[in-house]
Each structure stands twice: as structure tokens, then as C-alpha cells.
Amino acid sequence: MADYIYHDQEIDSDKSNDYIIKVSGLSKLYNEGLPSMVKALDQVSFGIKKGKMITIFGPSGSGKSSLLNILGCMDSATSGSVFLEDIRITELSERELADIRKHMIGFVFQEFLLIPTLTAIENVLLPVIPGGIKKEDRERAMNLLTQVGLKERVKHKPKELSGGEKQRVAIARALINNPKIIYADEPTGNLDTKTGDEIMQLLRNLNQELGVTIVIVSHDPSVWDKTDYLLKLKDGQIDPHKITS
Amino acid sequence: MSLQTISFALKNTFRKKSIAFISILGIGIGIALMIVISSATISMDKMMTDTLASRVGDVEVTEYGKPPVLSALPENITTIINTIESKDQIKFMSPEIVVNGFTQFTSAFELPSMVNLYARGIDLKNDELFEGPTTRIIDGEIYNDTLEIIVADLVMDIAEKEYPGWLKIGSVIPFQINATYSINLTLTGTYETEENPAALLVEPIFVMSIESARSINSLFLPESFTGFSAVKIRFNSETINKTQTYAEELKELTPKMTVSLLGYFGGTVEDLLLIFDVFSTVISTVSGIAGAMAILVAQLMGVNERLKEFAIMKATGWKNRTIFFEIVLESVVFGIIGSLIGILFGSGLIYTLELALGQSFIKLTWQLILLVLGFGLGIGVISGFLPGLKAARIKPMEVLRSS
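Those protein sequence lines, which keep their order, are chains E and A.
0 is the number of the first residue of the first sequence in numbering that gives the first Met the number 0; add one for each residue after it.
0 is the number of the first residue of the second sequence in numbering that gives the first Met the number 0; add one for each residue after it.
Derived by calculation from the structure, the hints in this document are not laboratory data.
Note that this is a predicted model, so its numbers are computed, not measured.
Just so you know, not all the hints are guaranteed correct.
As the list claims (entries may be wrong) - Below 30 Å or equal to it, Euclidean Cα-Cα: the simulated BS3-like pairs (lysine-lysine) are: (1) Lys156(E) / Lys307(A); (2) Lys45(A) / Lys158(E); (3) Lys179(E) / Lys241(A); (4) Lys307(A) / Lys45(A); (5) Lys156(E) / Lys15(A); (6) Lys193(E) / Lys156(E); (7) Lys394(A) / Lys49(E); (8) Lys179(E) / Lys154(E); (9) Lys241(A) / Lys158(E); (10) Lys389(A) / Lys307(A); (11) Lys21(E) / Lys179(E); (12) Lys158(E) / Lys193(E).
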């Protein structure tokens with residue numbers, strides 16, 4: 000089986016454990032039944048193997064956000080199914096989705112979205128605050144900040160950090176719960192080229208060192224070159240001619 | 000909810016310092032006002048209740064239909080009273096003379112409006128049983144002779160302020176009896192007014208011997224009078240209702256008598272307390288609503304500014320419930336700190352009022368402090384509800400993508 004699957008039959012018949020994300024016949028409709036109905040995703044099927052790094056791209060309105068919302072357990076599908084490992088997330092409750100987000104997924108955003116009142120290490124620990132921060136959490140946060148090159152900046156607040164440093168903190172935050180997948184939405188969008196390259200290199204290193212699967216949504220062609228595969232969305236469907244590796 | 004969640008809430012509460020300060024100040028002022036009024040109400044209630052408790056079994060009889068100054072009861076009135084069915088419940092009695100026409104002894108001399116300016120002739124032994132004014136001499140001594148008098152210390156205090164050095168122990172003072180007569184009375188001592196100002200409602204301000212009182216009354220009464228104006232009776236009673244039943248028995252006696260329950264101040268005082276209670280409740284409610292609105296507005300503004308933060312919190316696995324409680328907790332911090340500031344302001348106001356009024360009848364109790372903190376907690380929870388829901392219900396990707 001290829002790294003990408005286009006046909007429902009193939010993904011349904013795939014019994015291997017190689018795929019961390021399996022999407023089958025996924026559709027998302029907005030304003031269903033109304034004249035203003037929008038088909039954001041239309042029978043999308045594909046799979047992503049564990050430990051890979053891929054980029055999803057496409058024009059505005061192609062369905063990237065809708066796809067990321069559903070893959071990130073932050074929205075529901077109209078039809079079809081999405082498996083993260085062997086968990087069919089399209090059938091889970093809001094509460095169960097929050098658990099999946101906490102334990103399986105990390106997010107990195109264009110705007111970094113750090114909490115201004117917290118220091119770098121506290122921001123990294125944000126996902127574990129509700130359950131109580133343990134000693135091992137602090138040690139892990141410290142290790143992650145060291146890994147992303149911010150060992151000397153752990154006590155700094157976001158306003159004292161550069162854009163690149165903020166994104167590194169955001170990446171460390173995404174990794175604090177040891178996720179299996181990181182979704183990065185335009186991770187270099189607010190950074191200059193050099194810093195963007197450094198962030199992409201960091202993501203690649205983490206992908207290789209930790210084996211975490213990384214799904215990036217980006218318009219930036221310089222990002223596309225640094226991932227294993229590209230997946231283009233157009234009008235809510237995967238463009239089969241734009242699957243590259 | 001973890002300790003870190005609480006710590007996180009504390010940090011966020013003071014993120015917008017000016018808004019937090021204004022909100023907390025608003026709550027503090029409202030609560031301070033509430034504390035002062037509630038304290039005054041509680042103190043007045045307690046004051047009245049204490050007075051009621053100490054006099055719950057006390058009644059006073061006077062001639063039916065006449066005010067005490069015109070009342071004329073027979074010389075053997077105590078014997079008559081002892082004929083009631085419940086005579087065994089009578090602990091002791093004090094037949095007394097109310098001095099007729101004992102008016103203010105100088106027109107420029109003003110006493111507090113609640114004080115009854117009247118004089119009584121009292122038997123020392125009987126007064127001792129009632130622990131009356133003659134048992135509380137603080138300066139000078141009890142009257143020994145006719146035309147000697149003792150006065151309440153508050154009269155001395157007021158006189159000292161108005162006319163320094165004029166009224167003192169040993170002074171012979173021409174007391175105005177009415178428009179026609181005045182009489183020289185020697186001041187032999189002052190007695191301590193009961194700490195409870197409500198006691199002034201039932202205690203005389205000037206006290207003298209029965210003989211002195213009769214001598215003064217004889218100046219303008221057409222015939223010599225050997226009876227008494229009033230009889231104070233203490234029944235063995237623990238409730239006002241029980242005392243009331245004894246009072247009913249007294250009303251059946253001949254001569255017919257007016258019976259007043261000294262442990263019951265009547266409608267006026269109760270109405271006053273009711274007005275205070277209603278006023279206090281209204282102030283508390285208005286303070287609560289104003290405080291809650293202050294927090295609500297501050298929190299709604301805060302939530303609107305922090306939508307992306309809540310989005311990232313949700314994206315990283317925070318549950319709706321946790322975000323909701325986080326916001327409510329921030330509001331509760333506002334409410335509690337506002338309450339603490341209010342308690343401080345309120346205490347300061349109470350202290351200032353006590354200094355201004357020269358008496359400390361307003362009490363700040365632990366119960367009231369706990370009540371106020373509970374109040375702060377309550378307005379925090381209520382005002383945090385809506386912003387909490389708003390924060391918890393955001394759709395993270397919508398917020399994040401829209402940015």
C-alpha cells in the first residue's frame with residue numbers, strides 16, 4: 000500500500016498498523032439543507048503513515064481548515080470516518096475528543112498563541128495544568144525547552160522572546176503530552192525566512208528523533224520541500240495529480 | 000481542579016490591572032456600605048434583644064388611663080397586687096413616685112431625643128433588687144436627705160460639654176419644676192447609664208428618694224398624696240408572652256390599672272428595626288447586583304480579549320468544564336478580594352463613625368465577616384457564569400483560523 004490511499008476500498012481493507020491517520024469518505028457540509036449549503040469536504044479518503052511529515056496545501060476555501068478541524072478532533076464530520084490509530088474519532092463525544100486532543104495531538108499555530116502571563120516553561124506546561132503539574136512534567140518541559148534550544152529562556156515571558164523563540168515554545172508545548180501527531184497550521188507564517196527554515200528544521204528533527212507524525216498546513220512552498228509528502232486539496236477533494244513525494 | 004488551575008486563575012485575574020482595580024474597588028465600596036449598615040442593624044437588634052432579655056419579666060403599673068406623672072395609686076397598692084392568682088410568680092416590686100412636671104432645667108440644655116427627661120423617687124432597697132440606678136453610682140454618693148438627687152452620667156457629660164464646670168457633685172441647682180416653681184436640689188452623685196442605650200427608654204435620668212419626690216410633687220398638687228405613681232414588678236418569667244398573661248391578671252384588679260411591659264418596647268422600636276433590616280437588605284442587594292455587574296463586565300471584556308487563549312487551551316485538551324471553572328474562579332477571586340477590601344473599608348468607616356458618635360454600639364462580628372466573604376463568593380460565582388459559558392463554548396478552530 001502506498002503512503003497515500005485514495006480509494007475507500009483500499010483504506011477499508013488495510014489491516015496494517017502502519018497508518019496513524021486513516022480518512023475514509025470524509026465529507027463536511029455547512030448549512031446543510033439550506034440554499035447556502037457549502038460542501039467543504041467531499042468524500043475525502045487518504046492515509047498517513049506513522050512517523051511521516053506531510054504538508055497539506057491548497058487555495059482558500061479548498062477545505063484545509065475543515066480537514067484540520069476534524070483531524071484535530073475540534074469539529075465533527077457530516078459523513079465518513081476518521082481513525083487516529085485504531086480510534087474512530089468521528090464517533091466520539093466532545094469530552095472524549097478533548098481527551099484525544101490532550102493525549103494524542105499537539106498543535107502549533109502561526110500566531111504562536113502563548114499565554115502572556117506565563118513564562119516559557121509555564122506555557123509549555125499549559126496542557127497539563129488541569130490535571131495538576133507533576134515533577135516529571137516539569138522535568139519533561141525543561142528537557143523539551145532544552146531540545147528546542149531555549150534552555151536559557153525558560154523563565155522568560157512571551158514578550159521577552161523573539162518570534163522564532165515563541166514558536167519554539169509553542170512546539171515544546173505541543174510535545175509536552177508526548178503526542179503521536181502534531182498539527183502545525185502555517186508554523187512559519189509569522190517568521191522571516193531564516194527563522195522559518197530553523198523552525199522547519201526543528202520540526203524535522205523532532206519528527207525523526209521522537210517519531211512523531213507531523214501534518215502541516217502551509218501556503219509556503221519553502222515548507223513543502225521540507226516534508227515527506229504533499230497533499231493538495233481543491234474544492235473539498237484531494238487533487239490526485241498533486242500528490243508528490 | 001488542580002492547585003495550578005487556581006494559581007493560573009490568580010495570575011489572570013490581575014492581568015488587566017486597572018480594570019481589576021476598578022472592579023474590586025466598586026465591590027469594596029458596596030460591601031463596605033453593606034457592612035456598616037448590617038453591623039448597625041445587628042448591633043441594634045442585639046441591643047434591643049439584650050434589653051428585652053433583662054427586662055422580660057418586668058411590668059409597670061400606673062393608674063388606668065393616666066400618664067405616669069399624673070398617676071395616683073393607693074398607698075396599699077403592693078398589697079392589692081399581691082392578690083393576683085400568680086402572686087407566687089412575683090419576684091419583687093418597687094413602688095415609685097414620678098415627679099410631676101419635672102421639665103428640662105434649662106431651656107438651652109438639650110438631651111438626646113430618645114432620653115426621657117423625668118425624675119423618680121425610688122426606695123433604695125427596692126432599687127437594689129432591680130439593680131437600678133442607685134446600684135451603679137460612679138461618682139459622689141447616693142442621696143441621703145430630702146432634696147438630694149443623683150443624675151445619669153450622660154447628663155454630666157452633656158452638661159460638661161455645654162457648660163463646663165457648671166454641673167458637679169455638690170452643686171445646688173435650681174431645678175425648674177414647671178413654669179411656676181423651681182426648687183433647689185443638691186447633686187450628690189452620678190450613676191452609670193447602662194451600656195445599652197435602649198435602657199434609656201425605661202430608666203429615669205434623675206433619681207431621688209420617695210420623700211424628695213413627694214415634697215416636689217406637693218408644691219403644686221392640691222392635696223397631700225401618700226400613694227405612689229407607679230409600681231415596677233418583676234415576675235419570674237422567661238418569655239414576654241408569659242409576662243403578658245401576668246399583666247392580664249393585673250388588669251383585672253381594682254383600682255383599674257394600665258400595665259406596661261418594660262421588656263417590650265412597642266411598635267415604634269420594632270418598626271425602626273424593621274426599617275433598618277429592610278434598608279440593610281436593599282443595600283446588600285444593590286451592592287450585590289452592582290458588584291456582580293462590575294465583575295461581569297470586566298470578565299466579559301477579558302474573555303473577549305482572550306478568545307485565542309481559550310482556543311489554545313481547548314486545543315491542548317482543556318475540557319469545557321475546566322475552562323468554565325477557570326473563569327468562575329477568576330470571578331470568585333474578584334469577589335473575595337473585593338469583599339476583603341470592603342471589610343477593611345467598612346471597618347474604617349465603623350471606626351470613624353464610632354469616633355464621631357462617641358460610642359461604640361456598632362459591632363463587626365465574625366459571623367458578618369463570614370457572611371460578607373460568602374456574599375463575595377456568591378457574586379463571583381454568579382457573575383462568572385456567563386463569561387465562563389462564553390469561554391467554554393468557543394470553537395477553537397474558528398477563533399484560531401479567523402485570526
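We went through each hint and held it up to the structure:
1. At most 30 Å may separate the alpha-carbon atoms for a hinted pair to count; Lys156(E) and Lys307(A) meet this at roughly 17 Å.
2. A C-alpha spacing of about 57 Å is found between Lys45(A) and Lys158(E), which places the hinted pair above 30 Å, so the restraint is violated.
3. A C-alpha spacing of about 81 Å is found between Lys179(E) and Lys241(A), which places the hinted pair above 30 Å, so the restraint is violated.
4. Proximity of Lys307(A) to Lys45(A) is assessed by CA-CA distance (about 54 Å); at most 30 Å being required, the pair is judged violated.
5. Distance check on the hinted pair: Lys156(E) and Lys15(A) sit about 16 Å apart at the alpha-carbon level, within 30 Å; holds.
6. For a cut-off of 30 Å, the pair hint linking Lys193(E) to Lys156(E) stands: about 23 Å separates their Cα positions.
7. A C-alpha spacing of about 28 Å is found between Lys394(A) and Lys49(E), which places the hinted pair at or below 30 Å, so the restraint holds.
8. A distance of roughly 27 Å separates the Cα atoms of Lys179(E) and Lys154(E); the hinted pair therefore holds under the 30 Å criterion.
9. Of the supplied pair hints, the one linking Lys241(A) and Lys158(E) is violated, its CA atoms being roughly 76 Å apart against a limit of 30 Å.
10. Distance check on the hinted pair: Lys389(A) and Lys307(A) sit about 13 Å apart at the alpha-carbon level, within 30 Å; holds.
11. Taken as a hint, the Lys21(E) and Lys179(E) pair is honoured in the structure, with Cα atoms around 14 Å apart against an allowance of 30 Å.
12. For the hint pairing Lys158(E) with Lys193(E), the CA-to-CA distance comes to about 21 Å; that is within 30 Å, so the pair holds.
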